[in-house]
Structures are given as structure tokens and as C-alpha cells.
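Trainee: Guided by the hints, dock chain B onto chain A, whose structure is given.
Sequence order for the protein chains is A and B. Residues in the first sequence are numbered consecutively from 1, following full-length UniProt numbering. Residues in the second sequence are numbered consecutively from 1, following full-length UniProt numbering.
Don't take every hint at face value.
Identical chains blur together in the list; that is why a pair holds if it fits in one copy or across any two.
[As the list claims (entries may be wrong)] Simulated pairs of lysine to aspartate or glutamate, EDC-like, Cα-Cα distance not exceeding 20 angstroms: (1) 192 to 274; (2) 192 to 353; (3) 192 to 270; (4) 192 to 273; (5) 378 to 328; (6) 192 to 364; (7) 192 to 160; (8) 378 to 329; (9) 378 to 160; (10) 378 to 318; (11) 192 to 102.
Worth flagging that the hints you see were computed from the coordinates, not collected in a lab. Here the structure is a predicted model, which is why all the values come from computation and not from measurement.
Number of protein chains: 2
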Amino acid sequence: MSPAEAQGVGRRRLLFGGAAAGLGAVAAVGAQFAGGRNDSPELTRTALDTSGANGAETVPFYGRHQAGVATAPQAHAAFVALDLRGGVGRERIRSWLRLLSDDAASLTQGRAALADTEPELAGNPARLTVTFGFGPGLVAAIAPHLAPPWLGPLPAFSIDALQDRWSGGDLLLQIGADDPLTLAHAQRMLLKDSRAFAVVRWIQTGFRHAYGSEAAGTTMRNLFGQVDGSANPRPGTPEFDRVVWGDTQIPAWLEGGTSMVVRRIAMNLDTWDELDRRGREEAVGRRLDNGAPLTGTAEHDEPDFDAVTPLGFRVIPEYSHMRRARPEDPRQRIYRRGYNYDAVPEPGGTISDAGQIFVAFQADVRAQFLPIQERLDKLDLLNEWTTPIGSAVFAVPPGAPEGGFVGEQLFG
Amino acid sequence: MSPAEAQGVGRRRLLFGGAAAGLGAVAAVGAQFAGGRNDSPELTRTALDTSGANGAETVPFYGRHQAGVATAPQAHAAFVALDLRGGVGRERIRSWLRLLSDDAASLTQGRAALADTEPELAGNPARLTVTFGFGPGLVAAIAPHLAPPWLGPLPAFSIDALQDRWSGGDLLLQIGADDPLTLAHAQRMLLKDSRAFAVVRWIQTGFRHAYGSEAAGTTMRNLFGQVDGSANPRPGTPEFDRVVWGDTQIPAWLEGGTSMVVRRIAMNLDTWDELDRRGREEAVGRRLDNGAPLTGTAEHDEPDFDAVTPLGFRVIPEYSHMRRARPEDPRQRIYRRGYNYDAVPEPGGTISDAGQIFVAFQADVRAQFLPIQERLDKLDLLNEWTTPIGSAVFAVPPGAPEGGFVGEQLFG
Numbered sequence: 001m002s003p004a005e006a007q008g009v010g011r012r013r014l015l016f017g018g019a020a021a022g023l024g025a026v027a028a029v030g031a032q033f034a035g036g037r038n039d040s041p042e043l044t045r046t047a048l049d050t051s052g053a054n055g056a057e058t059v060p061f062y063g064r065h066q067a068g069v070a071t072a073p074q075a076h077a078a079f080v081a082l083d084l085r086g087g088v089g090r091e092r093i094r095s096w097l098r099l100l101s102d103d104a105a106s107l108t109q110g111r112a113a114l115a116d117t118e119p120e121l122a123g124n125p126a127r128l129t130v131t132f133g134f135g136p137g138l139v140a141a142i143a144p145h146l147a148p149p150w151l152g153p154l155p156a157f158s159i160d161a162l163q164d165r166w167s168g169g170d171l172l173l174q175i176g177a178d179d180p181l182t183l184a185h186a187q188r189m190l191l192k193d194s195r196a197f198a199v200v201r202w203i204q205t206g207f208r209h210a211y212g213s214e215a216a217g218t219t220m221r222n223l224f225g226q227v228d229g230s231a232n233p234r235p236g237t238p239e240f241d242r243v244v245w246g247d248t249q250i251p252a253w254l255e256g257g258t259s260m261v262v263r264r265i266a267m268n269l270d271t272w273d274e275l276d277r278r279g280r281e282e283a284v285g286r287r288l289d290n291g292a293p294l295t296g297t298a299e300h301d302e303p304d305f306d307a308v309t310p311l312g313f314r315v316i317p318e319y320s321h322m323r324r325a326r327p328e329d330p331r332q333r334i335y336r337r338g339y340n341y342d343a344v345p346e347p348g349g350t351i352s353d354a355g356q357i358f359v360a361f362q363a364d365v366r367a368q369f370l371p372i373q374e375r376l377d378k379l380d381l382l383n384e385w386t387t388p389i390g391s392a393v394f395a396v397p398p399g400a401p402e403g404g405f406v407g408e409q410l411f412g
Numbered sequence: 001m002s003p004a005e006a007q008g009v010g011r012r013r014l015l016f017g018g019a020a021a022g023l024g025a026v027a028a029v030g031a032q033f034a035g036g037r038n039d040s041p042e043l044t045r046t047a048l049d050t051s052g053a054n055g056a057e058t059v060p061f062y063g064r065h066q067a068g069v070a071t072a073p074q075a076h077a078a079f080v081a082l083d084l085r086g087g088v089g090r091e092r093i094r095s096w097l098r099l100l101s102d103d104a105a106s107l108t109q110g111r112a113a114l115a116d117t118e119p120e121l122a123g124n125p126a127r128l129t130v131t132f133g134f135g136p137g138l139v140a141a142i143a144p145h146l147a148p149p150w151l152g153p154l155p156a157f158s159i160d161a162l163q164d165r166w167s168g169g170d171l172l173l174q175i176g177a178d179d180p181l182t183l184a185h186a187q188r189m190l191l192k193d194s195r196a197f198a199v200v201r202w203i204q205t206g207f208r209h210a211y212g213s214e215a216a217g218t219t220m221r222n223l224f225g226q227v228d229g230s231a232n233p234r235p236g237t238p239e240f241d242r243v244v245w246g247d248t249q250i251p252a253w254l255e256g257g258t259s260m261v262v263r264r265i266a267m268n269l270d271t272w273d274e275l276d277r278r279g280r281e282e283a284v285g286r287r288l289d290n291g292a293p294l295t296g297t298a299e300h301d302e303p304d305f306d307a308v309t310p311l312g313f314r315v316i317p318e319y320s321h322m323r324r325a326r327p328e329d330p331r332q333r334i335y336r337r338g339y340n341y342d343a344v345p346e347p348g349g350t351i352s353d354a355g356q357i358f359v360a361f362q363a364d365v366r367a368q369f370l371p372i373q374e375r376l377d378k379l380d381l382l383n384e385w386t387t388p389i390g391s392a393v394f395a396v397p398p399g400a401p402e403g404g405f406v407g408e409q410l411f412g
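Next up, chain A with everything else stripped away, as it sits in the complex (with noise of 0.2 angstroms):
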């Protein structure tokens, strides 16, 4: 304890004078809070009036799959990457997974986390879901022959300016929820259940529309004011299925996992802006007011790739972003489930520091993501606005068994 801490325990210790003996002792800590696991969020839950508000809903913890993948995007997420800290082992990996599995077990369900000092923050989970992402690092450190040849960072591409500060990184959590509380509060539990085990590399923040906002299913907008993601397989169909999880994977040990790739991509809204309408509409392919394709009316018909204008040019052009992303084999999709991202500016400008948190699940990297991503390196307009500032690849482990914690099949 620094002097300046021991002073300010003392003043502490001071004031409360006898009504509060025990102060500042962080061993008594624990047993308070103990208990606080079964009783503190029902004592939260009577007190507060949840008729009619969505606060309640819950998405489970334990299963198959884990949650977060399949589950309808929630407003706002945070993409939290960790590094191991030095002589950080297997063992200890184990120790650390399980405490963050219960955290989230607990967390997800409305339940305060053991030894949760802010109880009360933890009765509105409001969908929390928690997705553990696995980086080469971690996987090298408990079981380095069972990694997915895909794991690791993606080739280069031309059109990448990426930067240390929002790449790579041994652990994610993908922490999302409807409720931006809520989100706060579970982020700052399993940061604090990490402290021994790994420092932040770094943390992104994104949002969508807010629960409620716009009617159930509603594709979301990016910041260019697109409706963005329109070609996603749809959960709950056998498609999403065969895209997401995949018919077999490779390590066994993946089996109801699959991968993500997460990319910081810094959208320039100003140069954006100097574009017109009908520009915009053609370097997307697609209708900037419902999201239709260029050749339909509706944002889910099938785009027209071949028909032409009177003048001869494609009605999709070339170069359009829809033309270039769409699979030229249906292996090669994807599934995407990003976040828009506005960060203050720079004291002194108005320029936004504004874009995506690009997020893609798919069973295999090489197989479904890059042969996209290849195209649209080499030709895509929308690359003029854009640029990608931050990569990273996971492996998503199946979800845990009930009771039991996220990644344990690595353990053999």
C-alpha cells in the first residue's frame, strides 16, 4: 500500500469512526459477498418494478453452441482483447477460464457473480451474452498441437493500415447486451477476475439501434447510412448452421465452435459526404432507402447481376460492393454480426474518428472468409472510404456444458 493509500484508509477508518468497524479490510470483503451470489439480485429484483420492461430477458449461458453467435445482435457490444500475462500456464488458464465461465453463468442469468461488489448492477441482464474467443497465443499455451490451421493473423491485404493497438491478443470476450449498464458492470467483473491472469491489449465499443428502436429484425445502418448485412444466413435456418458451426471441424475439439474475425475499419464519413446519392447507391449495389438491391424494390430480393442500362452499363456495377462480396462459391459465405463505432475526436478538430467493428463468424477462415476478402481487396469502391485499422482471428470453443466452463474440451 502506497502512503498515500494508507492515509486514505486511515481518514477512512477515521470517519467511520465504531458504527463501521472492519472497514478497509479487504479479507472481510469476501464473506460479505459470499452469499451475495444467491440473495443480493433477488433482493435487487423485488425492489425494482420490471413489469414491461425488457430489463429481465435472458439468453442462456450453458449449451451447444455458445451465446452471442446465433443470438439477434443486442444493442451495444464491447470486444474485449487480453493478453496472458508472463508465466501464465495451462493450469492457470484452466483456473481463469472457469472463473470467467462463472461469471458469465451467473452474470447472463441476472445474477449478481461471486464476490460481485455491485450486486444491484447485475439484476437487469437485458440478453447479456458473453463469447469467448481463443487467440493463437492461448491456444499455444494449453494445448499448441490442437490448433486450427486457420488461427493466427489474416495474410496482408493492400488496402490494411492496421495498427498493434487493434489487432491481435490471446483472449476476447465479447461481452453484448441491450442495456449499456449492463454491459459496464459485466465488463468490469470479468476484467476484475482477470487481473492476475492477462493485461487489456485492447477494447472496442460499438452500438446499433437501441432494443426497441426499430421493429424486430430490421437489418442494421451503418454510419454511411446503409443498410448493411442484408445478405447475412439467417439463425435458426440449416444454412446459418452449415456457415456458422460448420458439418465437421477440424480439431475435433472446435465441434459447435467456429471462428470470428474481428476488424477495426475507419469509415471516412467526410469524403463519403462529398459523394452524391446515386454514387453511394452504385458503390454499394444497392438502394440507399430500404437497402434494395440497385435491380429490385425490396432490401431481400434477389439482386439482378446481369442487367444492364440503357447505356450499356451494369445496373450493379462492377466495382459495387454487393458484386464484388457476394460468394462466387456457396461455400464462401459468412456470417456477420458487427457494430458501428463513433469515437470522440481529437481535442481541436471536428473530424469524426467514426467506422465498424467488423465481426464474422464462419466454420473456416481460409475456406469461407478470405476468398471474400481477397476480392474485395482487389476491387471493391467502397475501399476508398474505408480502411481497416485493426485485425484479429479467434477460435470460438462450443459452449460449456452445464457447470462446466468455455474452452475445458482443449483440456483433454
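Mentor: Showing chain B alone in chain A's frame:
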């Protein structure tokens, strides 16, 4: 245009070829979007099924008072402080305020702003409000003799550790909405239309519970887990009107207006966590589970400041926040409308950078806010875990009349 920019435009022209003539022609964009104000939002409304969605809710912009004060706090807020550029005088300030008022009048009603380049992002107002606060520099540039006597930095308090980067500002825009995407778009439009007049001094973004996450009227919780703001006067009551708008304002141009104190208060969640539950409740004077005074059972029970424990200590301790913040004189009341913040921790650590954007509205800073703050500065146990790191005071003009602009009374 820099060579790189010229190259970018050149490449875009090349790629578009004949199909998108006029691309990059900024002049044409104005014409393209001059009509956008009236028709584009309607397109958006048609495209979206907003049945049952709360994104369509609006708060009037024009009126006797500005919106965003008596308005039930939205889930998200951005506090944007701008400094005048050199040479921007009274007449240009008038143009700026008219422009921002017109933007706010449209955006808050779900209509695109003039020359809105992402009109689709305006179609979901989600109770958007934009509240203008005038700092000392702005009033001095318009009509220095009309500055209210309290408009300036607060006196230095012993607990303060103020940073320039979170303090002061010529114009404050408080932007609130229940949808983070709506907020991001409004902020961007207002910043774009400010470029010729001002630069960003600071931006603070904050959150409360999501809309619909809790029952309407639930008092917010801060990141210490406390029910925070129970003692607030209730909007719509004569007491609220007296506290916030006052009986008579001096100077007269502020009739229908108020004052706003914005302070960034860092909360040390780590040392707070060392405290046991009883210690926390005594620090505040309220129960953690439901915010009831320690002498009561429900949040809004009248506290009994004279009650003593069997050992003779005050049940609501002398040093508790609630006792220290309680008005000694019924005139010393304020209306708090703050937000939580949870900034991203520095890479390499797990220390949080969290706290509260403290916001107080009161007719007169000196008569209402200062006496409370002086008492808290002298003794308030919460000071042990909180540090004010930013501070600013703004005059909040009355609302604009239909078709007018905020602050026009100052131009005489």
C-alpha cells in the same frame, strides 16, 4: 486538395466511368440534398416498420423552455463543448446558432437536417433533444454586458483535480437520445455545421439504463451501484419549475432559461470495492438495494436525520453524502440529470476509467449549487472515492420560438 486526395478523386472518377457523372462534385451535392429535407425522411418512414417501436417518439424543439432539461433523461447523451474559432464575431455567431437550431429542429422531429448527407439516419428520432448552453466566451462575444453574474468557472474546491481537457467551453451542445445511432448522426451533423465557426474542446459521452430496460420513472443507478438522484424535484411540479427556471431571471434574456453545471467526476471503483456493504451504505446514507434512506424502507421515504443507533451514533452518519448534500435552506436545491461514463482503460492495464458526468440545472448557480458544493467539499465521505476532473458552467437560454433560434434574445 492534397495530392493523395486528388488521386483518390481521380480513381473514383475512373471507376465510376460514365455511369456516375458528377461524382465528387461537391457543388452538386447541395442541390441533390436541398430537397432531401422534406422527402427523404418520408422514404425512410415508409421503408421501416416502426409499429410498436419507440424510435418514432419525438420531443418538441420549439417552446418556452429548451428540451433536454425537463425531458425524462434519455438512455444516451453526448456533451459537446466547442470553442469559437478566432475572428468569429457576433454576426457569424448568429448565423451559427441559427444553423444549429434549424438542424436541431429537424433532427429532433425525425427529419433530415438541411444538406443532411445520411438522411436515413434521421428517421428514428428516439426522443432526440439538443440543448444549447452558452459559456462565458460566447456571451462575451455577443453581448458582454448581458452575462449573468454566475457565468464563469466555479471557485476552486479542495477536492478538485481539474483538467483543461474536460473543462470550460464557449458553446455546449447536450445531445440526448434513446438510440445510440440517432445520437451519433445528430452529433455528426451538428459538428459538421460547426466547422466554419468552432473547434471541439471536449466531448463526453454517457449512458443510463436503456429505454424500456426498467420501468419508467426508475431512478438511475451509478457505477458504484447506488440509486442516484432520489432527492431530485420532479419535472412537471411547481418545485421543479422554481428550482430550474426560477421566478425571475437576471438578466432578463434568460427568462425561461436556466444554468447548467457539468462536472466530470472520476469514480475509483477499485477502492470503492474494498469497502464492505455496510460501509458503502453509510457513506451515502441510503440502502444499496433500493435506495431507501437508512432510516426508512422505500426510496422516497423522508429521511430521519435525528435517528440514532443503540450505540448512540447517527443512523444517517454525519459524514454521509445524503446528510451533507441536503439543503440547509429550501432555496438550495438543484436538479440533477447526469450520466455514467465508462471509458476504455489504457492498454496494458485493467484499471477502469469510469465515473459520472455530473449535470445540474438550477436557476442560479451561486444561490443554489454553490452552497451545496461547498458543504460537500468540506466533508462528504464519498469524496474518498470520487475526484472532479472537469468542470464547466453554461447559461441555458430559453427555448426558441417557432422558426427562431436559440439565443436570439441575446442579440436584442
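Trainee: Give a verdict on every hint.
Mentor: The hints, checked one at a time:
1. 192 to 274: between (45 angstroms within a copy, 13 angstroms between copies)
2. 192 to 353: between (29 angstroms within a copy, 13 angstroms between copies)
3. 192 to 270: Result: close only across copies, 9 angstroms inter versus 39 angstroms intra.
4. 192 to 273: This pair counts as between: shortest inter-copy Cα distance 11 angstroms, intra-copy 42 angstroms.
5. 378 to 328: within (15 angstroms within a copy, 71 angstroms between copies)
6. 192 to 364: neither (33 angstroms within a copy, 42 angstroms between copies)
7. 192 to 160: neither (33 angstroms within a copy, 27 angstroms between copies)
8. 378 to 329: within (18 angstroms within a copy, 71 angstroms between copies)
9. 378 to 160: Only inside one copy: residue 378 and residue 160 sit 12 angstroms apart there, 54 angstroms across copies, limit 20 angstroms.
10. 378 to 318: within (12 angstroms within a copy, 69 angstroms between copies)
11. 192 to 102: The answer is within: 13 angstroms in one copy meets 20 angstroms, while 46 angstroms across copies does not.
Consistency with the previously given hints fails for numbers 6 and 7, ordered from lowest to highest.
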